[in-house]
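Engineer: Here's the letter readout for the chains.
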Amino acid sequence: MDTHPYHSQRQSANTRNRNVSAILIGVAIWLFSNPAISAAGESTARQQAAGFLKDQISAVSKQLLKDFPEDAETIKSATIFHRQCNTPGKAMKVLEKGLKYNPRNAELCDLMGQIAFEMGEYDKAITYWEKALKVSPSWLNLNNNIADAMLSSGKNSEAVKQLEESIANKNFKALPAPYRSRSYFLLGQGYMQLGKYEEAKNHYEKALKINPKYRRGNYWLGKVYLRLKQPVKAKQHMQIHRKQLTAKADRRSDLAEKNKLAVIDMSSNVELKAFPEIMAGLCLRGSELYGAHNKTKKSEKLLAQGKEALRKAITIYSKQSDIYRELGFLYLVTNSNLSDARELAEKAVALEGSAKNYFVLSLICDRNFDRTNAIIAIRKALELEPGNGMYRQKYNEMKKRKR
Amino acid sequence: MAATTIFCKNMILRYSAVIILLCVNVVGTQYATASIAFKDVTKKTGITFKHTDGGSGKFYIMETVTAGVALFDYDNDGDIDIYFLNGSALKGAKYKTPPRNALYRNDGNFKFTDVTDESGLGDTGFGLGVAVADYDNDGDLDVYLNNYGPNVLYSNNGDGSFSDVTKKAGVGDGNHVGAGTCFFDMDNDGDLDLYVSKYVTFSYEKNVTITVEGFDAYVNPGAYVFPSDSLYRNNGDGTFTDVSKESGIADHRGSGMGTICADYDNDGDTDVFVANDSMENFLFQNDGKGNFEEVGLLAGTAYDFNGKVLGNMGVDCADYDNDGLLDFYVTSYSQQWATLYKNLGDGMFEDVTFSTGAGKETFSNPTWGTGFADFDNDGDRDIFVAAGHLQPNIEKYSDQMTFNARNELLMNIGDGKFVNITEKAGKGLRVKLSSRGAVFGDLDNDGDIDAVILNTKSKPTILRNDSANNNHWIAINLKGVKSSRDGTGARVKVVTGKLSQIDEIHSGRSYQSHYGRRLHFGLGKHKKIDRIEVKWPSGTVDVLKDISADKLITITEGKNTIK
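Protein chains in written order, with the working numbering: chain G, 1 to 403; chain V, 1001 to 1563.
Everything labelled a hint here was simulated from the structure, so no lab data went into it. Incorrect hints may have been included.
To be verified - Label-pair ranges, simulated between beta-carbon atoms: (1) V:Ser1056 x G:Lys297: 46 to 56 Å; (2) G:Lys235 x V:Lys1167: 35 to 45 Å; (3) G:Lys209 x V:Asp1346: 24 to 34 Å; (4) V:Gly1170 x G:Lys209: 55 to 65 Å; (5) G:Lys93 x V:Pro1098: 45 to 55 Å; (6) V:Lys1482 x G:Lys235: 33 to 43 Å; (7) V:Arg1430 x G:Ala350: 49 to 59 Å; (8) V:Asp1216 x G:Ser136: 52 to 62 Å; (9) G:Arg104 x V:Asp1446: 57 to 67 Å; (10) G:Leu384 x V:Gly1324: 52 to 62 Å; (11) V:Lys1427 x G:Pro212: 48 to 58 Å; (12) G:Thr246 x V:Pro1150: 29 to 39 Å.
Stated by the list, open to error - Subject to a maximum C-alpha distance of 25 Å in a straight line, what follows is the list of computed BS3-like cross-link-like pairs (lysine-lysine): (13) G:Lys90 x V:Lys1396; (14) G:Lys307 x G:Lys273; (15) V:Lys1493 x G:Lys124; (16) G:Lys161 x V:Lys1168; (17) G:Lys213 x V:Lys1527; (18) V:Lys1396 x G:Lys62; (19) V:Lys1493 x V:Lys1457; (20) G:Lys100 x G:Lys62; (21) V:Lys1459 x V:Lys1482; (22) V:Lys1432 x G:Lys90; (23) V:Lys1308 x G:Lys124; (24) V:Lys1308 x G:Lys229; (25) V:Lys1432 x V:Lys1111; (26) G:Lys235 x V:Lys1308; (27) G:Lys196 x V:Lys1308; (28) V:Lys1396 x G:Lys93; (29) G:Lys273 x V:Lys1245; (30) V:Lys1245 x G:Lys243; (31) G:Lys124 x V:Lys1424; (32) V:Lys1479 x G:Lys206; (33) G:Lys243 x V:Lys1424; (34) G:Lys196 x V:Lys1417; (35) G:Lys233 x V:Lys1206.
Said to hold, decoys possible - Stretch-level coverage of chain G by chain V, calculated; a stretch enters the list once three of its residues show a Cβ under 8 Å from a Cβ in chain V: (36) 82-92; (37) 151-161; (38) 214-221; (39) 227-237.
Glycine included, each C-beta is placed from N, C-alpha and C at the ideal position.
Next comes chain V alone, as it looks inside the complex (with noise of 0.2 Å):
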């Protein structure tokens, strides 16, 4: 060997070790025992839910797309319950049993018993996106599915048992492939809106379908009209009125997937987010009376960082870092980076996925189901993002992608930094299957924040939080007196120390789902809570001060106590 090259080889391997040891010293101090950590525990749950795609081997477009996932307390016993949605057998398909929709009622301890025939929660549409509230106002949630084929409302009676109500109230809403769906209060009157995104029109006889390499493949929903979404007026009866047209959303046509309303801008009315599938995300920003103009192009959410078409998947929004404005997070298409936008606070987003590595490790596979929680409960918002492909040919022809892949969890570190900790987070985190709908809540009521996630074809994935750490939190319900009942759209603001966070109620979130109604906020080392701001719909403001960490409290408007 000549002398050059040993000289050569010796020098690259001096430069490798010194590098190697800098690396182990920079991960080494931050992260190298990340503070969060999952549990699979979906075998010892007792959910047996498998879902299907409906499909016959035609490729028709909504099989790919399905199904969003909803965590509620269906029967008000304080613990959260979780409702998976389901295909249908599409033209071709046949099941011997018909799939439906599936509801497992929380029996503490990760026990879920299925309750699915005595709720009437069995709906055996073909499932795309869920959203729940309290519409009524009756102090039970109701719950929305957005379907492909005609949309169900499903009030619940109180008793644990639920009522289709559809017909009724009249919001079944023809006969799209529908995607993501959301209660909110449009013209703070105290009554629960809904906003109904569609994805395509579709029609059997109208189906597109590719070839990819010989093998049969997805089509871009390009291939489809895209219709315009849905608004309608809750009448404070149990009906609703179609206001798409008179409100502005109609004059939008969209490929809708994930869909949150949340006041973005901070003037106290809800606006609304829709993030569309290769086409320029909407923002809808709410003149306070149900008025709306479309302004995701100036806004700086319609596209990416270099303005650039998305294939938009889910949203989900809230504080990362901790400056008082409500920022969003968007799943993307595979070879696109979910994006993170941050709110700059005069009516502007700018991209920050770079520059602050929220999108680590989302690049090779799509992403699907997202949400911004405090897992670690340090005070700041990590984000967990589900993945997987839609083509389920995509390994014949592609080395970088594949069907089933492992979820991403972005860990927070406090300085609008994120560190993708993946694989440090548990053998939760290894599984992998091709995910969809992803939500989030304490299901043992331990005080940390587990996940549920629903996959394609699959039995879902239940995640456990086993994080180690002394971090306190408080999480809160909130009832509304003028404002709706169960609060959808109040805000409230939780102050500890130098520490400031703030939080809304959504129904309707993620990837076509919905969690998220008990409020929870990580308080790190503080065991209480200097301040408490609630700014209800209605316009009341109360103020609790003093409180103690590491419990569930129930606020009610105009009160000024807790419960």
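Here chain G stands alone, though its shape is the one from the complex (with noise of 0.2 Å):
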């Protein structure tokens, strides 16, 4: 079996690149951020592909932490679906037992302070996050990460050494600039809450000139200015803020006006888009540990088991994108069915031009040996996501090769 860092590093962008205001599906469904609307019968057939998989990768994932459970790789994939199906507490259940063997894996640590953080816990979001730095010195942005915790439970003066001293380090400035971004912002904040308004707006707009669409950036500014005593400005940052929010509300007003009488479905639209990904690096995770422990069948098993899996789930739903991907990479990464794997891919792209698509097709193709089609392909994929090292990689090694 031909391996391949996609998915690994794709879980591992996942943890890294923590989003603070990530939420769970039970706030989507409420704040009706990522509703899939549609006619009944098409919302049914989305909730039966989601449901299908879901029963899917349960099973699979409990028989890997029951056969492996000292592989960290199955204990992220396996906290990962936990937490996109809204139950964060399994997930905070499968990474305590995960991180009796790992207890100095930092991706590990992380994943238990994300969902820590995300259930309001944060002290112990800052005790696992303080883990991961003390394994993994180098891994910058989890200060802001503790620093966002410690200011969401009132320690103002800690969150703002923390971040003081991470910026100070030698290596913050060769961060990427949405992590150093964030870390003045939330200087900015600490500095806030400390009622220090000049060091506290000096920060914001040092966060803006790094990223000048920070979210909620306007707002910050706009609120320090008013404790400068200047409305005016004030008024001006707050008044794009609040242009901001209204466009995104109307935007929602406008997709409810559009479909009064249907189904809206809030969540098998966001599941349908993780679970494919989630079934697929199982597997191969999977038949890679079986494989190393002489169990060849157990396998080869477990790969066909995931394509199938795909496949059926095509079958009941097939406007899903994610699934074609996906069911295209195992047949890549196995090295089999390539014609077919070119076809899902394309598929996957007529149906969705994400960067991800375009990435896989770029690899289908260039496994079929046409490279003027991979090169195409990948640098679609760059044009949406430029700022993606992956990608950027692969792309410079195709354009090396001759053929």
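Hints are included, so try docking the two chains, each in its own frame, into the full complex.
Structural biologist: Structure follows, in structure tokens:
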């Protein structure tokens, strides 16, 4: 079997690029953030596909956790799965067990921190992020997470100290721009809470200089101008913030207005984006583990099970690009049905022109010795996600190769 | 087992022991024996009311947001009675007996009698919000209901019965899904005007349903059109004029929920705070003449600490840190913190939820009714938070949220910080139901504040305050002369030694509810009050000195005496 860093890198990226405002599905339900509005029949099919994959992933992850309880990749996938299912309590249990085997695994500690943070358990989040940082001191974005949790539990001075130290670190400048701007923003918030408004303003401005589109940046800048008795500037920034929020709300209202009497399906849309990738990832990892333990039959059976599950999911609901992409990727990695793999990847791109879909299409074209289309596809992926290091590296490799 | 592993385990155990000891010391000295305790006495009260949401499985949005509850002395006999709002049959629902609101007369010692029939307050509309005040200045308390469907104004006949005067008064207010409502004197002319919040504009034809994991669920209000609220000016002759447009209120459309009217900027007129669900809160600043400017964004009450929109539910205000300024506490949706907005005194607020601990344990489930009340009479306001999810199937697709949930009690520890003492505050706080309206008052006239909670699709919870302390208190009734007869909007300052507290009479607050016409101040160990100052909406100021504690007094406007 051919292995590829695609899955592990994707999951790592998911883990490391923790978005502070990541919300659980439960919030999405009420906040109406990711609805799939459609006719009742389509909604039912989507739900059935999501439900089917959920059952499949649940069974595979249970089996793998039983056979390889110490495997960090499996633990990570199972955790992400439970998180996606809005069962963070189960995710936490998986992690707690997993951390007994991997107490020095920074990514698992980070995941635990994220889940604790999302559940509002800030002290617990700090504990695990501090553990992760201890194991992996160069992972500077963890300082942002820790400071965020400190601010959320009223530990403003500690948060400021944490961030000042992080920013003073010689490696800070090498951090990607979103992390650096987040550090400055959090520092601004800390100073704001401490009533040091000039310092707060300076740091907000630094953050906005790095990332002018920082979410809620205008709100914070407006607020600090108010405290500094500059109401005109304050109003300008606040109004921009309000407009951004209103535009978002209007989009939702329009969506709702157009779809009166429709059934709005709040969960399967989110789940179907994630489940195919988790399923494929778990099957690949499991197959690798069984292979390494000379359990070839089990290894092959698991891969076949993964492919069959994705194939069946397509027959239940045929409009989700992620299912096609992941099935194509499984074919690619197992070096089987390569022409089918290409068809699947092309179908995924036709359904949704996402960077991920273009990237997998590129890999499959490349394997099919179609370097021209592989390069076209990966260029498209890079256009959509210019900052993606993995895409860039693969693109450079393809370009360097003669054929 | 490897030696290093054993070493590590030993170290962990050692550190754990030290940490546990430290925790025990900290917790032990301060909060191990919480001084607030509630007992659930619902069964012995004789109250048989059971709330219904009017649903038939169609998941109409108003089902899940009903209803409020009111505490007021409807018969002027000196004790506080209870009025429960109820849903009614929505399309497709059938009941043998139509659900209706229920009034219970307080007979003392936590015994109540159902007087719905004789009072005429058994409204069969779909109940959401309620406010109580003496709008006609005749010396008794009237009731306004903010329903889904026509609203109703009940005038108190003074003999224990009420008459529907909606048509004459002109306050039926169309056909929206109602929410909180308040009486207040917007122009300080001595009669009470009426603010009516609205949630959404709904019709059965435009109903939106959602599914989560295949289970039916209630949709976010954003799926519907948000209406603007209404403001009615009292003409002083039993009628009202709709001044929503000219006052500036109609310029803003929102998804109003809890509403409270209070003088947050200490300029002598009453302003309006509207908690909006899934959009920014409104803070309407009054210019003293009944013209309003919406200033929530710049005041800092529109969003939370991070500038995020919350699913705001209920609201109360009080001076939690005794700095002479009214602060706001706003409850919100699940996986959001109930929020404490501290009044900074220059027209601005700061969200201090995290730094004060005022949101502890309010994260998991939606929170609804709320109140600042000094439950332990120690001279600062504690916070009660009613909780419970609105999605009946939530447990089928979440392992963190539950439809029925315990309510939360946050004790003010006196330095501007709060500690969640729910676990230690008696069996009354172990009740798990899905609560909505929550109101607070001294139901047995024993000097401490009890609680009444309306639970959706269930019986209410009546909590008797059994806190063991020897703290003192004073309760104050106000009687306006130039100002409205019931004193709504009057500001009272109570000074005992270094302790200075303020409060106002509000009509309509918490989650679509009403309570607090009788002001209650905890005095700690003070047996005597140095000074009571009453600033009436008319501008009159009464000052009384050297008043002994532990009693209910009545202050009449302009008399400078107590009764």
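Engineer: Now tell me, hint by hint, if it's right for this structure.
Structural biologist: Verification of the hints:
For the hinted restraint 46 to 56 Å between V:Ser1056 and G:Lys297, the CB-CB distance of approximately 55 Å keeps it satisfied. Our hint of 35 to 45 Å for G:Lys235 and V:Lys1167 holds, since their Cβ atoms are close to 44 Å apart. For G:Lys209 and V:Asp1346, the Cβ-Cβ distance of about 29 Å falls inside the hinted range of 24 to 34 Å, so the restraint holds. Taking the beta carbon of each, V:Gly1170 and G:Lys209 are about 57 Å apart, inside 55 to 65 Å as hinted.
Checked against the hint of 45 to 55 Å, the C-beta distance between G:Lys93 and V:Pro1098 comes to roughly 48 Å, which is consistent with it. Checked against the given bound of 33 to 43 Å, the beta carbons of V:Lys1482 and G:Lys235, roughly 38 Å apart, stay inside it. The hinted range of 49 to 59 Å is satisfied by V:Arg1430 and G:Ala350, whose Cβ atoms lie roughly 57 Å apart. The hint said 52 to 62 Å for the Cβ distance between V:Asp1216 and G:Ser136, and at roughly 45 Å that hint is violated.
As the Cβ distance of G:Arg104 to V:Asp1446 is approximately 59 Å, the hint placing it in 57 to 67 Å holds. A C-beta distance of roughly 56 Å is found between G:Leu384 and V:Gly1324, which places it inside the suggested range of 52 to 62 Å. A beta carbon spacing of about 55 Å between V:Lys1427 and G:Pro212 agrees with the range 48 to 58 Å that was offered as a hint. Taking 29 to 39 Å as the suggested C-beta distance range, the pair G:Thr246 and V:Pro1150 conforms, at roughly 31 Å.
Our distance criterion of 25 Å between C-alpha atoms is met by G:Lys90 and V:Lys1396, whose separation comes to about 14 Å. Of the supplied pair hints, the one linking G:Lys307 and G:Lys273 holds, its CA atoms being roughly 17 Å apart against a limit of 25 Å. Distance check on the hinted pair: V:Lys1493 and G:Lys124 sit about 42 Å apart at the alpha-carbon level, beyond 25 Å; violated. The straight-line distance between the Cα atoms of G:Lys161 and V:Lys1168 is roughly 65 Å, outside the 25 Å bound, and the hint therefore fails.
Taken as a hint, the G:Lys213 and V:Lys1527 pair is broken in the structure, with Cα atoms around 59 Å apart against an allowance of 25 Å. In summary, the hint linking V:Lys1396 to G:Lys62 is supported, as the alpha carbons are separated by about 20 Å, within the 25 Å threshold. Pair hint V:Lys1493 plus V:Lys1457 does not hold up; C-alpha atoms about 40 Å apart against a cutoff of 25 Å. Taken as a hint, the G:Lys100 and G:Lys62 pair is honoured in the structure, with Cα atoms around 17 Å apart against an allowance of 25 Å.
Note on V:Lys1459 and V:Lys1482: the hinted pairing is violated, with a Cα-Cα distance of about 41 Å set against a maximum of 25 Å. Restraint check: the Cα-Cα separation between V:Lys1432 and G:Lys90 comes to about 23 Å, which is no more than 25 Å; the hinted pair holds. Between the alpha carbons of V:Lys1308 and G:Lys124 the distance comes to roughly 23 Å, so the proposed pair stays at or under 25 Å and holds. Under the criterion of a C-alpha separation no larger than 25 Å, the hint pairing V:Lys1308 with G:Lys229 is consistent with the structure, at around 23 Å.
A distance of roughly 23 Å separates the Cα atoms of V:Lys1432 and V:Lys1111; the hinted pair therefore holds under the 25 Å criterion. A threshold of 25 Å between alpha carbons decides the hint, and for G:Lys235 with V:Lys1308 the separation of about 17 Å falls inside it, so the pair holds. For the given pair, G:Lys196 sits about 22 Å from V:Lys1308 by alpha-carbon distance, which is consistent with the 25 Å threshold. At most 25 Å may separate the alpha-carbon atoms for a hinted pair to count; V:Lys1396 and G:Lys93 meet this at roughly 19 Å.
For the hint pairing G:Lys273 with V:Lys1245, the CA-to-CA distance comes to about 47 Å; that exceeds 25 Å, so the pair is violated. At roughly 23 Å between alpha-carbon atoms, V:Lys1245 and G:Lys243 fall within 25 Å of each other, so this suggested pair holds. The straight-line distance between the Cα atoms of G:Lys124 and V:Lys1424 is roughly 23 Å, inside the 25 Å bound, and the hint therefore holds. With a C-alpha separation of about 57 Å, the suggested pair V:Lys1479 and G:Lys206 falls outside the 25 Å cut-off, and the hint is violated.
A C-alpha spacing of about 45 Å is found between G:Lys243 and V:Lys1424, which places the hinted pair above 25 Å, so the restraint is violated. A C-alpha spacing of about 21 Å is found between G:Lys196 and V:Lys1417, which places the hinted pair at or below 25 Å, so the restraint holds. A threshold of 25 Å between alpha carbons decides the hint, and for G:Lys233 with V:Lys1206 the separation of about 42 Å lies outside it, so the pair is violated. Figure legend: the region 82-92 of chain G, annotated as covered by chain V; annotation consistent (6 residues with Cβ-Cβ distances under 8 Å, at least 3 required).
Against chain V, the region 151-161 of chain G contributes 5 residues with a C-beta closer than 8 Å to a partner C-beta. That satisfies the three-residue criterion, and the hint holds. With 3 residues having a Cβ less than 8 Å from any Cβ of chain V, the region 214-221 of chain G passes the three-residue criterion, so the hint holds. With 4 residues bearing a CB less than 8 Å from a CB of chain V, the region 227-237 of chain G meets the requirement of three and the coverage assertion stands.
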